[in-house]
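We have chain Y; now place chain V onto it with these hints.
As you go down the protein sequences, you meet chains Y and V in turn.
Our numbering puts the first sequence at residues 1 to 557.
Our numbering puts the second sequence at residues 1001 to 1557.
Derived by calculation from the structure, the hints in this document are not laboratory data.
Check before you lean on any hint, since a few could be wrong.
Under the rule of at most 16 angstroms between Cα atoms (straight-line distance), these lysine to aspartate or glutamate pairs were calculated in the EDC-like manner [what the hints assert, rightly or not]:
#1 Lys1095(V) to Glu52(Y)
#2 Lys86(Y) to Asp1066(V)
#3 Lys319(Y) to Glu258(Y)
#4 Lys95(Y) to Glu1052(V)
#5 Lys1086(V) to Glu52(Y)
#6 Lys1242(V) to Asp1217(V)
#7 Lys86(Y) to Glu1052(V)
#8 Lys1086(V) to Asp68(Y)
#9 Lys1095(V) to Glu58(Y)
#10 Lys95(Y) to Asp1066(V)
#11 Lys1317(V) to Asp1255(V)
#12 Lys1095(V) to Asp66(Y)
#13 Lys475(Y) to Asp418(Y)
#14 Lys319(Y) to Asp232(Y)
On the chain Y side, residues computed to face chain V include the following (Cβ under 7 angstroms) [as the list claims (entries may be wrong)]:
#15 Val70
#16 Phe74
#17 Lys95
#18 Met342
#19 Phe343
#20 Asp493
#21 Phe505
#22 Gly508
#23 Ser510
#24 Pro511
#25 Asn512
#26 Val537
#27 Gln550
Listed next, with one range per pair, are the computed distances between beta-carbon atoms [unchecked claim]:
#28 Asn1056(V) to Pro175(Y): 43 to 53 angstroms
#29 Pro149(Y) to Met1431(V): 52 to 62 angstroms
#30 Lys1079(V) to Asp403(Y): 51 to 61 angstroms
#31 Thr1088(V) to Arg311(Y): 34 to 44 angstroms
#32 Asp359(Y) to Lys1079(V): 50 to 60 angstroms
#33 Ala1358(V) to Gly57(Y): 45 to 55 angstroms
#34 Pro108(Y) to Pro1372(V): 27 to 37 angstroms
#35 Phe1081(V) to Tyr106(Y): 26 to 36 angstroms
#36 Asn432(Y) to Met1378(V): 26 to 36 angstroms
#37 Gly57(Y) to Leu1305(V): 55 to 65 angstroms
#38 Asp68(Y) to Phe1081(V): 47 to 57 angstroms
#39 Asp359(Y) to Asp1376(V): 52 to 62 angstroms
#40 Arg311(Y) to Lys1079(V): 43 to 53 angstroms
Each residue gets a CB set at the ideal place from its N, CA and C atoms; glycine is no exception.
Number of protein chains: 2
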Amino acid sequence: MMLMRVNMRLVLVVLCGAVLLATLYWGHCGDISLRPTVSLLSESQTALSEIECSINGEYSVSCRRDRDQVYLPFSFIHKYFEIYGKITATDGVEKFEWSHSYSKVYHPKKKYDPRGTFTTFENYNVEVRDRVKCISGIEGVPVSTQWEPRGFFYPTQIAQFGLAHYSKNLTEPEPRIRVIDDGDKVLENWIVSQDALMSRELDPELKANVIRFTTTDQPASQVRARLNISQDFVLSMDLMLKPNSSVTVILQNKDKKETVYLHYVTSTQLIYAQEDHIYYGVGLEQKWRRLTRDLIIDMQKGWALQDRPKRKSPRNKFKVSGLALSGAGSVGNVRVSSSEHMFHFFSAARWLVSSQRADGGWPVPARRRLAPRVPDLMPGWHSAMSQGHAISLLSRAYHRSGDSRYLRAARRALGPLDRPPDKGGVRALFMNRYVWYEEYPTKPPIFVLNGFIYTLLGLYDLHYTEGGRAASPAKDMFEAGMLSLKTLLPLFDTGSGSFYDLRHFTLGASPNIARWDYHATHVNQLYLLAGLDPDPVLLATARRWEGYMQGRRAAHN
Amino acid sequence: MMLMRVNMRLVLVVLCGAVLLATLYWGHCGDISLRPTVSLLSESQTALSEIECSINGEYSVSCRRDRDQVYLPFSFIHKYFEIYGKITATDGVEKFEWSHSYSKVYHPKKKYDPRGTFTTFENYNVEVRDRVKCISGIEGVPVSTQWEPRGFFYPTQIAQFGLAHYSKNLTEPEPRIRVIDDGDKVLENWIVSQDALMSRELDPELKANVIRFTTTDQPASQVRARLNISQDFVLSMDLMLKPNSSVTVILQNKDKKETVYLHYVTSTQLIYAQEDHIYYGVGLEQKWRRLTRDLIIDMQKGWALQDRPKRKSPRNKFKVSGLALSGAGSVGNVRVSSSEHMFHFFSAARWLVSSQRADGGWPVPARRRLAPRVPDLMPGWHSAMSQGHAISLLSRAYHRSGDSRYLRAARRALGPLDRPPDKGGVRALFMNRYVWYEEYPTKPPIFVLNGFIYTLLGLYDLHYTEGGRAASPAKDMFEAGMLSLKTLLPLFDTGSGSFYDLRHFTLGASPNIARWDYHATHVNQLYLLAGLDPDPVLLATARRWEGYMQGRRAAHN
Chain Y
1 MMLMRVNMRL
11 VLVVLCGAVL
21 LATLYWGHCG
31 DISLRPTVSL
41 LSESQTALSE
51 IECSINGEYS
61 VSCRRDRDQV
71 YLPFSFIHKY
81 FEIYGKITAT
91 DGVEKFEWSH
101 SYSKVYHPKK
111 KYDPRGTFTT
121 FENYNVEVRD
131 RVKCISGIEG
141 VPVSTQWEPR
151 GFFYPTQIAQ
161 FGLAHYSKNL
171 TEPEPRIRVI
181 DDGDKVLENW
191 IVSQDALMSR
201 ELDPELKANV
211 IRFTTTDQPA
221 SQVRARLNIS
231 QDFVLSMDLM
241 LKPNSSVTVI
251 LQNKDKKETV
261 YLHYVTSTQL
271 IYAQEDHIYY
281 GVGLEQKWRR
291 LTRDLIIDMQ
301 KGWALQDRPK
311 RKSPRNKFKV
321 SGLALSGAGS
331 VGNVRVSSSE
341 HMFHFFSAAR
351 WLVSSQRADG
361 GWPVPARRRL
371 APRVPDLMPG
381 WHSAMSQGHA
391 ISLLSRAYHR
401 SGDSRYLRAA
411 RRALGPLDRP
421 PDKGGVRALF
431 MNRYVWYEEY
441 PTKPPIFVLN
451 GFIYTLLGLY
461 DLHYTEGGRA
471 ASPAKDMFEA
481 GMLSLKTLLP
491 LFDTGSGSFY
501 DLRHFTLGAS
511 PNIARWDYHA
521 THVNQLYLLA
531 GLDPDPVLLA
541 TARRWEGYMQ
551 GRRAAHN
Chain V
1001 MMLMRVNMRL
1011 VLVVLCGAVL
1021 LATLYWGHCG
1031 DISLRPTVSL
1041 LSESQTALSE
1051 IECSINGEYS
1061 VSCRRDRDQV
1071 YLPFSFIHKY
1081 FEIYGKITAT
1091 DGVEKFEWSH
1101 SYSKVYHPKK
1111 KYDPRGTFTT
1121 FENYNVEVRD
1131 RVKCISGIEG
1141 VPVSTQWEPR
1151 GFFYPTQIAQ
1161 FGLAHYSKNL
1171 TEPEPRIRVI
1181 DDGDKVLENW
1191 IVSQDALMSR
1201 ELDPELKANV
1211 IRFTTTDQPA
1221 SQVRARLNIS
1231 QDFVLSMDLM
1241 LKPNSSVTVI
1251 LQNKDKKETV
1261 YLHYVTSTQL
1271 IYAQEDHIYY
1281 GVGLEQKWRR
1291 LTRDLIIDMQ
1301 KGWALQDRPK
1311 RKSPRNKFKV
1321 SGLALSGAGS
1331 VGNVRVSSSE
1341 HMFHFFSAAR
1351 WLVSSQRADG
1361 GWPVPARRRL
1371 APRVPDLMPG
1381 WHSAMSQGHA
1391 ISLLSRAYHR
1401 SGDSRYLRAA
1411 RRALGPLDRP
1421 PDKGGVRALF
1431 MNRYVWYEEY
1441 PTKPPIFVLN
1451 GFIYTLLGLY
1461 DLHYTEGGRA
1471 ASPAKDMFEA
1481 GMLSLKTLLP
1491 LFDTGSGSFY
1501 DLRHFTLGAS
1511 PNIARWDYHA
1521 THVNQLYLLA
1531 GLDPDPVLLA
1541 TARRWEGYMQ
1551 GRRAAHN
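So that you can see chain Y by itself, here it is in the shape it has in the complex (with noise of 0.2 angstroms):
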C-alpha cells in the first residue's frame, strides 16, 4: 500500500541555516567560560564556549561546549537520525518538543467488526491526497495518477475511497442537510431567462416531481438559482441531461473578488481546467443518475490539474453563490450537505463490481517499477490489496443493502488470492511454504507487510460476512495467511522499527525500512489482529513496534 502521510501529527521544523552558521563560526573555538566578561552573566545565564564536534572523523558540525558537557545542534540530529523537533509555546513559554516519530498509533477500542469502520480509515481522506486527480464525474470513484500521469482506475485506491466514506459515516455526526429544491416541500425561485424554458413535472421513474428545463445556445440562456450556502459544499441531485447539456455551480470566494464555476457537462472528458472554469465529464448517457459532488474537492483539483498552488482550508473561504442549468434535461431532490459518505461508498461498489473481470480479478492498468532488478508489473497486474480492500468493501455493501451481487462480487475476488501470479495472481510462497497474498506479485516476490494484512482483514470479513462457517475458502485462506504472518512477523522486524518488505531477502538487496506512517499502520493493523487471534507475537510485537516510535530499540547483546 502506498500512503500518503495523512496521520503527520507533528510538522518537521528544519532549522534552517544552522549548517552554513556551523562553517561561518569555523575555529572560533576560544574557551570563553574563562574570560573575565562571563562574570557578568548572572547564574541562570551560561556562556559557552565552541568546540568542533567531528563526526565519525568524516565531517565536521560547529558544537557548544559548557566545561564537560558538550551541546550538539539539533539541525545536525535530525539530519543525522531523522529526528523531528519544533519549538512551540504554552502560555508564552517556550518549549523544544522532540519527537521520534512524526505517526500515531491507534489503539482499538473494540474488537474488529466486518461490519464496522475499517481499521483506521476513518482518519483517511483519499480524495484530498495529490495522487488522486481528481472524482471522476461518471463514475464517482477517484482517478489515479500514483504510476501513471494520465490518470486510471487503481482498485486498491478506489475501494480506500469508499471505505474512508464508509467508516466516516459510522463515525462522524449526521450531516447536516439542505435541501434547495424538492419539487415538493421546498422549492426553489429559479431563475428563467427569456429564452429559456422550465416546467415542473411527475417523472415517472422517479415518481417525484422534478425540473424540466430547456435553454438556447446562447451563453446568457440558462435557468439559474442564486444561492447562498457556506460551510457545507457536497452537491447533490437527481440528473438527465441531454447532449451539450451542463450544470454549473458557482462559488465565490468571501474575502476577495474571486469566483470559481464548476461545469457538469454532457462529456466524458475526465476533466478541464481553464482559470476559473473547471469542466468534469458526466458522461453521455441519457437516463437519470444522481450526481453528488464535494465542490471543494472538484474546486482544488481544477487547480491542482494548473498547477497552482493548493490552498488552506478553502472550505472556510468559500461560499456555494449560485447553479446554472445550461441546454436540456431534468433535475430533481437538489441539496447540499456537509458529507454524502453513503454516496460515496455505493459509488465505489458499483465501480466494483461493474469492473471485476470474469476471472475476479480487478487489473491494474498501470506499469508498475518496483524495485532495480525486478522486472516492471505491467499493466493489468492484480495486488493482493485491491483484491483484499475490494473484498472488504463488498462485504460492507452486501451487509448494508442486502444485495446478493456484492457478495457475489466479493467471493469472485478470491480467484487471484489464490493463484500464482504467473496464473494472472499475487500468491507467492515464502521458501515454499507460506503463503503470501503479495500487494505487488513480483517475480521474485517481495512480501510487503502491510498489503498483505489488509489482504487478510478482506478475507476475514468476507468469511464473517458469509456467517462464520466452518469451512469456507475465505477461511481457509484467512487462516494460512495467518500462519504465514504470524511465522514470518519476526522477520519485519528491525529492532528499532519495521521493514516495509522482504525485498532484502529475495533480492539480497539493501533492506526498504517502512517509513514511520507505514511503521504505524503495521501497528495499528497488528493491535487489531491481536483481537482476533490470542498468538502472543501479534501483540508482543504491537507493543515492542509501538516502542520503536517513542525512540526505544530491541537490547543488543
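Just chain V now, with coordinates in the frame of chain Y:
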C-alpha cells in the same frame, strides 16, 4: 561466539553529572541573548539561553538555544542513541570526537589463506580476557570461567588461543630470545645452597646437557639463579620433576618494593594464590615436558583469583629477578623470550587431539543458558564454532608439522557438524531447507551468525588443506553452508546494524541485535568471504554493514 570488546578503539566518555545539571537549571529559561550583558561578549562568544526539551512527551532535558537553533547535551544523545564521544586535544586545540561505533573493521589485504593468519586473530589476546581463569600448567591452554565459575576447558576458547598465537607468529617480528642456560654455550651461574645438590649431565632422551638438582625439605634449601630481565616475560624450560618439587620464578616491581613468587609445583591443582605467592600445578608425571609460561599472565591471573584490581601495563613495571628449583628433578634449555607463539599454538593442537571424543566432538562441559523459554544446553553439548575453530587450528597444525594425526582429527571433527542436535550434533535447518551449523545447538535453533561463518572457515580450511579435491565431505559441507549464508544473510540486516542471531524468528521474541564488536566481526568475516566467493551479496553486505558503523542507514520508503 562471545567476544570481548578487544577492538574497542575509542574510549567512551560518559559525561556524568549532566543530567543532574539539567535538573538544577530547571526553569531558568530567560532568553539571555536579549539582555545587555550579552553585548559584552565578543563575536565568537555566544550566550545561549536555556530551553526545556521535551523528549517524546515522556521526560525533559535541559538544552541550550541560540535563536532558532536548539542545542542538545551529548550526555542525553549518548544515552538515547548509544553514540560514543570524547573530548580530545591536538596541539592544545580541543575537539569533540563523535563515534557511531567503537569497533574497527579490517579490510583484508589479500585473499584468505588457510595456511596464514586466521581472520583477524592476530589482534586477539585470548589469555588476558577476564573470562580466562588462567593458563593450565599441565596442558598449557586456557581455562574458561565463561559459564561456569569453577573453570573448564572450552574448546572454542582453546582453539582461539591457539589460532591467535598462530596468527601473531606470522605477523609479529621474530621474538627476542635470551638463553639463561642451554647446558652448552650459555651456562648460568647457579647458586646452590649448602644442603642442596646440583649437577650437569647429558640426558639420553633430550640428547642435551641438563641440570639435575636435589634440595632438602628446608625452605632455604634451593638451587637458585639471580636474574635481571626486563621487557620479556615468556619463560620456558625442559622440565622433569619428582614429587613435591617446584620451580619458582621471582618477579620484582621496579618502582616499589613488591615481590611476586610464581610457583610451578608438582600438583594437579590448576591455580592457587595467597597474597604474593601464586601456584600453578604442572602435574605429577615424571617425564620430560617443556614448560612455557607467560609470567605476566600468570601473575595477573593470580591477582584476579584474589579479586585484586587489574593493573595497567605490568610488563613495564616488573622484572624477572630470580629462579629457584626445589625438591628434585631436571631442568634444561632455560630461556626467556618476548613470545613463544608456536609453543602455545601446538599446546592447543595437542589438547584438541588428546581431548577429541570418538564421535569427533569436543563436548563443552558447562551448562549454557541462551534465552528465556529455550531449554538450557546441558553439559556435553557440541558447538559448531568449537568444531570449526578446531578444524582451522588442526589444519594449520598439520600444515606446519606434517603430522597426520592433526589432519585425521580435523576430518573426524566434521562428524558433529553433519548431525542434528538430537543425535549429538549441531546441524540445524532453516525452514527445513538451509543447513546451519549452530554455535549453540538449542531447540529451537537460534542461527547465530558469526559462529556459523567461523565454522564455514573451518570447512574451507580443511578442504584447502586436503588439497582442494573436487569432492570431499568438507567441500560439500562448506558449499551447502555458503548457500545458506548467501540466502539468509539479508535476514541479519537491521538496516542500521546486524542481528547476532535469528532468535526473534524462531522464538517470536525481541531481536537480539549484535553489539558493535560483533557487528564488526560480521563485517570482517564478510569481507574475507567476499574474497572466496564472487556472489555480490557478500561484498555489498559487507560494505553496507561497514557504513552502518559510521551512522549510515538503509533507506526508508
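Right, here's what the structure says about each hint:
1. For a cut-off of 16 angstroms, the pair hint linking Lys1095(V) to Glu52(Y) stands: about 5 angstroms separates their Cα positions.
2. Between the alpha carbons of Lys86(Y) and Asp1066(V) the distance comes to roughly 14 angstroms, so the proposed pair stays at or under 16 angstroms and holds.
3. A threshold of 16 angstroms between alpha carbons decides the hint, and for Lys319(Y) with Glu258(Y) the separation of about 11 angstroms falls inside it, so the pair holds.
4. The straight-line distance between the Cα atoms of Lys95(Y) and Glu1052(V) is roughly 5 angstroms, inside the 16 angstroms bound, and the hint therefore holds.
5. In summary, the hint linking Lys1086(V) to Glu52(Y) is supported, as the alpha carbons are separated by about 12 angstroms, within the 16 angstroms threshold.
6. Of the pairs offered as hints, the one joining Lys1242(V) and Asp1217(V) holds, with about 13 angstroms between alpha carbons and a cut-off of 16 angstroms not exceeded.
7. Distance restraint check for Lys86(Y) and Glu1052(V): the Cα-Cα separation of roughly 12 angstroms lies within the 16 angstroms cut-off, and the hinted pair is therefore satisfied.
8. About 10 angstroms separates the Cα atoms of Lys1086(V) and Asp68(Y), which keeps this hinted pair within 16 angstroms; it holds.
9. Distance check on the hinted pair: Lys1095(V) and Glu58(Y) sit about 14 angstroms apart at the alpha-carbon level, within 16 angstroms; holds.
10. The straight-line distance between the Cα atoms of Lys95(Y) and Asp1066(V) is roughly 13 angstroms, inside the 16 angstroms bound, and the hint therefore holds.
11. Taken as a hint, the Lys1317(V) and Asp1255(V) pair is honoured in the structure, with Cα atoms around 7 angstroms apart against an allowance of 16 angstroms.
12. Pair hint Lys1095(V) plus Asp66(Y) holds up; C-alpha atoms about 13 angstroms apart against a cutoff of 16 angstroms.
13. Distance hint between Lys475(Y) and Asp418(Y) is fulfilled; the C-alpha atoms sit about 12 angstroms from each other, no more than 16 angstroms.
14. Between Lys319(Y) and Asp232(Y) the CA atoms are separated by roughly 8 angstroms; this keeps the pair inside 16 angstroms, and the hint holds.
15. Residue-level restraint check for Val70(Y) holds (minimum Cβ-Cβ distance to chain V is 4 angstroms; threshold 7 angstroms).
16. A distance limit of 7 angstroms between C-beta atoms decides the matter here; for Phe74(Y) the minimum to chain V is near 4 angstroms, and the interface restraint holds.
17. The interface hint given for Lys95(Y) holds, since its Cβ lies 5 angstroms from the closest Cβ of chain V, which is under the 7 angstroms cut-off.
18. At its closest, the beta carbon of Met342(Y) sits 34 angstroms from a beta carbon of chain V; the interface hint therefore is violated under the 7 angstroms criterion.
19. Interface restraint check for Phe343(Y): the shortest CB-CB distance to chain V comes to about 34 angstroms, outside 7 angstroms, so the restraint is violated.
20. A cut of 7 angstroms between beta carbons decides the hint on Asp493(Y): the least distance to chain V is about 5 angstroms, and the hint holds.
21. The closest approach between the C-beta of Phe505(Y) and any C-beta of chain V is roughly 5 angstroms, which is under the 7 angstroms cut-off, so the hint is satisfied.
22. Hint status for Gly508(Y) relative to chain V: holds, with the closest Cβ pair at about 4 angstroms, below 7 angstroms.
23. Taking 7 angstroms as the C-beta cut-off, the interface hint given for Ser510(Y) holds, the closest approach to chain V being about 5 angstroms.
24. For Pro511(Y), the interface hint holds, the least distance from its beta-carbon to any beta-carbon of chain V being 4 angstroms, beneath 7 angstroms.
25. A hinted interface residue such as Asn512(Y) counts as satisfied when its beta carbon comes closer than 7 angstroms to some beta carbon of chain V; here the least separation is about 6 angstroms, so the hint holds.
26. Restraint check, Val537(Y) versus chain V: the minimum CB separation of about 4 angstroms is within 7 angstroms; hint holds.
27. A cut of 7 angstroms between beta carbons decides the hint on Gln550(Y): the least distance to chain V is about 5 angstroms, and the hint holds.
28. Distance hint for Asn1056(V) and Pro175(Y): a CB-CB separation of about 37 angstroms, inconsistent with the stated range 43 to 53 angstroms.
29. In this structure, Pro149(Y) and Met1431(V) break the distance hint of 52 to 62 angstroms, their C-beta atoms being roughly 42 angstroms apart.
30. Under the hint 51 to 61 angstroms, the C-beta atoms of Lys1079(V) and Asp403(Y), about 60 angstroms apart, fit the expected range.
31. Look at Thr1088(V) against Arg311(Y): about 53 angstroms separates their beta carbons, and that is not inside 34 to 44 angstroms.
32. For the pair Asp359(Y) and Lys1079(V), the beta carbons lie near 57 angstroms from each other, so the given range of 50 to 60 angstroms is met.
33. In this structure the hint that Ala1358(V) and Gly57(Y) lie 45 to 55 angstroms apart at CB holds, the actual value being about 53 angstroms.
34. Separated by about 29 angstroms at the C-beta atoms, Pro108(Y) and Pro1372(V) satisfy the suggested range of 27 to 37 angstroms.
35. Between Phe1081(V) and Tyr106(Y) the C-beta distance comes to about 28 angstroms, which sits within the given range of 26 to 36 angstroms.
36. Judged by the Cβ atoms, the range 26 to 36 angstroms given for Asn432(Y) and Met1378(V) holds: they are separated by roughly 34 angstroms.
37. A hinted range of 55 to 65 angstroms is violated for the C-beta pair Gly57(Y) and Leu1305(V), which are about 41 angstroms apart.
38. With their beta carbons about 19 angstroms apart, Asp68(Y) and Phe1081(V) fall outside the hinted range of 47 to 57 angstroms.
39. For Asp359(Y) and Asp1376(V), the hinted distance range of 52 to 62 angstroms is satisfied, since their beta carbons lie about 54 angstroms from each other.
40. The hinted window of 43 to 53 angstroms between Arg311(Y) and Lys1079(V) holds, with their beta carbons roughly 44 angstroms apart.
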